[in-house]
Structure formats: structure tokens, C-alpha cells
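Engineer: Modelling step: build the complete structure from the supplied sequences, incorporating the hints.
Here is what each chain is made of, one letter per residue.
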Amino acid sequence: GAVVSQHPSRVICKSGTSVKIECRSLDFQATTMFWYRQFPKKSLMLMATSNEGSKATYEQGVEKDKFLINHASLTLSTLTVTSAHPEDSSFYICSGLEGQETQYFGPGTRLLVL
Amino acid sequence: QKEVEQDPGPLSVPEGAIVSLNCTYSNSAFQYFMWYRQYSRKGPELLMYTYSSGNKEDGRFTAQVDKSSKYISLFIRDSQPSDSATYLCAMSAYSSASKIIFGSGTRLSIRP
Numbered sequence: 048g049a050v051v052s053q054h055p056s057r058v059i060c061k062s063g064t065s066v067k068i069e070c071r072s073l074d075f076q077a078t079t080m081f082w083y084r085q086f087p088k089k090s091l092m093l094m095a096t097s098n099e100g101s102k103a104t105y106e107q108g109v110e111k112d113k114f115l116i117n118h119a120s121l122t123l124s125t126l127t128v129t130s131a132h133p134e135d136s137s138f139y140i141c142s143g144l145e146g147q148e149t150q151y152f153g154p155g156t157r158l159l160v161l
Numbered sequence: 041q042k043e044v045e046q047d048p049g050p051l052s053v054p055e056g057a058i059v060s061l062n063c064t065y066s067n068s069a070f071q072y073f074m075w076y077r078q079y080s081r082k083g084p085e086l087l088m089y090t091y092s093s094g095n096k097e098d099g100r101f102t103a104q105v106d107k108s109s110k111y112i113s114l115f116i117r118d119s120q121p122s123d124s125a126t127y128l129c130a131m132s133a134y135s136s137a138s139k140i141i142f143g144s145g146t147r148l149s150i151r152p
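Protein sequence lines, in the order shown, are assigned to chains A and B.
Under this note's numbering, read the first sequence as residues 48 to 161, first letter to last.
Under this note's numbering, read the second sequence as residues 41 to 152, first letter to last.
Don't take each hint at face value.
What the hints assert, rightly or not - Distance condition first, Cα-Cα at most 35 Å in a straight line; then the derived DSBU-like pairs of lysine-lysine: (1) B:110 - A:61; (2) B:110 - B:42; (3) A:67 - B:96; (4) A:102 - A:113; (5) B:139 - A:67; (6) A:61 - B:107; (7) A:88 - A:67; (8) A:61 - B:96; (9) B:107 - A:67; (10) A:67 - B:82; (11) A:102 - A:88; (12) B:82 - A:61; (13) A:89 - B:139; (14) A:113 - B:139; (15) B:42 - A:102; (16) A:88 - A:61; (17) B:96 - A:88; (18) A:61 - B:139; (19) A:88 - B:110; (20) A:89 - B:96; (21) A:88 - B:107; (22) B:96 - A:111; (23) A:89 - A:67; (24) B:82 - A:111; (25) B:139 - A:88; (26) B:110 - A:67; (27) B:42 - A:89; (28) A:113 - B:107; (29) B:139 - B:96; (30) A:89 - B:107; (31) B:96 - A:113; (32) A:113 - B:82.
Quick caveat, the hints were computed from the structure, so don't treat them as lab data.
Structural biologist: See below:
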């Protein structure tokens with residue numbers, strides 16, 4: 048199957064700083080990428096859908112000014128958590144859509160805000 | 041009521057047993073059903089997907105969908121310790137391209 052990578056895999060930051068997470072589709076072009084958030088022992092919750100070259104579509108309750116998404120190329124989307132706070136600590140997972148059928152997920156990025 | 045309900049487990053079975061994992065859903069618009077496997081601190085991996093009611097088999101895995109009851113299942117035959125993971129059901133209205141709603145996941149442990 049297709050491969051999606053994320054970087055970094057784990058990040059610890061101080062409260063008030065911003066953190067950027069990269070999501071790359073390694074062997075396919077992803078016109079659409081998705082960003083999810085997962086709390087311990089909970090399901091994945093879709094945060095936003097990003098389409099290459101256009102603004103991301105955010106799910107209800109997700110602050111677009113806090114979670115900045117950029118999808119500048121067909122193989123790269125970035126999520127920036129701005130002015131991070133401890134409640135933003137979570138497991139962030141991206142996925143890339145190959146064709147119109149299958150989302151391939153990245154390995155996730157664990158964010159801890161102190 | 042959640043759109044997708046899944047028993048979180050944990051479920052522990054001996055090696056070689058048949059495992060049955062289930063989800064129920066409330067939204068009749070869901071037409072595309074998936075099962076993902078997620079190892080600890082990793083991203084989900086797609087195991088199977090299906091559009092229709094009935095059974096779909098892939099090796100030791102069988103996915104079953106009953107749209108009339110809004111009930112889906114995943115069966116694992118001849119379970120192995122390497123099958124130990126969290127299994128997430130997921131569904132959407134059209135395909136993987138549309139918004140996917142995930143179950144909360146069932147944690148499965150296969151005892152050697």
C-alpha cells in the first residue's frame with residue numbers, strides 16, 4: 048500500500064510556543080489530506096480536510112486560527128499548532144487520499160505541551 | 041447517541057481462537073464500511089473495506105455488514121499473537137474520500 052510519513056514522531060514544547068507537524072505522501076500524490084486528533088483510548092476525530100492549493104475545511108469546533116493547515120503541494124501538508132497549551136497535548140494523525148478510494152494514514156505525531 | 045458504537049474491550053482470547061469484533065451505527069446514510077488495525081502509538085492500517093451488505097473475506101479476516109440492522113462485524117480466524125492491537129471500525133457515506141466516522145476501537149489481546 049501507499050506510504051504516508053509524519054515528522055516529527057514526537058515533540059515536547061513549552062506552553063505558548065508553536066509547533067509544526069509535516070505530513071508527506073511518499074509514493075503517491077494526495078490531492079486531499081486529512082488531519083485527525085486522537086486522545087488516549089479514544090477514537091480518531093477529524094479536525095480538517097485539506098485540498099492542495101486551497102484553504103482547509105475545518106470540522107465544527109476546531110479553531111482554524113489555532114490549527115493552521117497548509118497543503119502547498121501534492122505530497123506535503125503541514126499542521127501548525129499555534130500558541131500551544133497543555134490541553135493541545137494529543138496524538139495527531141494525518142492521512143492522504145490515494146485516488147478516490149483509500150485513505151492511507153501516517154504513523155502519527157505525539158505532542159506534549161508542558 | 042454516538043453515530044458509531046464499538047465496545048472498547050479489552051478482549052483477550054487464546055491463540056488460535058476465532059475473534060468477533062462488532063460495531064453498530066445509527067446513520068443510515070453510511071454506505072462504505074472499513075476496519076482498521078492500530079498498534080500502540082502508530083497510525084491506523086486499513087484491513088478491509090466493503091460497500092455492500094454480506095460477507096467479504098481476505099485471508100483470515102472476514103468483514104460482515106448487515107445494513108438492515110446497522111451492524112458490522114470483523115471475524116479473525118486462527119488468531120495469532122501478532123493480531124494483538126486495537127481494531128477500529130469506520131464508515132462513511134460514499135467512500136474513503138468523504139468524512140470517515142470512526143468507532144472508539146476494541147483493544148484485542150491474543151494470548152500465546
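Engineer: Determine for every hint whether it applies to the structure shown.
Structural biologist: Taking the hints in turn, this is what the structure says about them:
1. B:110 - A:61: Roughly 45 Å separates the two Cα atoms, so the pair is violated.
2. B:110 - B:42: Satisfied, since the Cα-Cα distance of roughly 13 Å is no more than 35 Å.
3. A:67 - B:96: Distance ~40 Å between residue 67 (chain A) and residue 96 (chain B) Cα, so the pair is violated.
4. A:102 - A:113: With a Cα-Cα distance of about 14 Å, the restraint between residue 102 (chain A) and residue 113 (chain A) holds, given a limit of 35 Å.
5. B:139 - A:67: holds, 24 Å
6. A:61 - B:107: Since the Cα atoms of residue 61 (chain A) and residue 107 (chain B) sit roughly 48 Å apart, the hinted pair is violated (cutoff 35 Å).
7. A:88 - A:67: Roughly 24 Å between the alpha carbons, so the hint for residue 88 (chain A) and residue 67 (chain A) holds.
8. A:61 - B:96: Judged against 35 Å, a Cα distance of about 48 Å means the pair is violated.
9. B:107 - A:67: violated, 41 Å
10. A:67 - B:82: Answer holds: residue 67 (chain A) to residue 82 (chain B) is near 19 Å, not above 35 Å.
11. A:102 - A:88: holds, 31 Å
12. B:82 - A:61: holds, 24 Å
13. A:89 - B:139: Distance of about 18 Å is within 35 Å: holds.
14. A:113 - B:139: holds, 21 Å
15. B:42 - A:102: holds, 29 Å
16. A:88 - A:61: Holds, because 25 Å separates the two Cα atoms, which is no more than 35 Å.
17. B:96 - A:88: Answer holds: residue 96 (chain B) to residue 88 (chain A) is near 28 Å, not above 35 Å.
18. A:61 - B:139: holds, 33 Å
19. A:88 - B:110: holds, 24 Å
20. A:89 - B:96: Within the cut-off at roughly 27 Å; holds.
21. A:88 - B:107: OK: residue 88 (chain A) and residue 107 (chain B) at ~27 Å, within 35 Å.
22. B:96 - A:111: violated, 40 Å
23. A:89 - A:67: With Cα atoms ~23 Å apart, residue 89 (chain A) and residue 67 (chain A) stay inside 35 Å; holds.
24. B:82 - A:111: holds, 26 Å
25. B:139 - A:88: holds, 21 Å
26. B:110 - A:67: Violated. Residue 110 (chain B) to residue 67 (chain A) sits at ~40 Å, over the 35 Å cutoff.
27. B:42 - A:89: holds, 13 Å
28. A:113 - B:107: violated, 39 Å
29. B:139 - B:96: holds, 23 Å
30. A:89 - B:107: Cα-Cα ~25 Å, so holds.
31. B:96 - A:113: violated, 42 Å
32. A:113 - B:82: Roughly 25 Å separates the two Cα atoms, so the pair holds.
Comparing the model with each numbered hint stated earlier shows that hints 1, 3, 6, 8, 9, 22, 26, 28, 31 do not hold.
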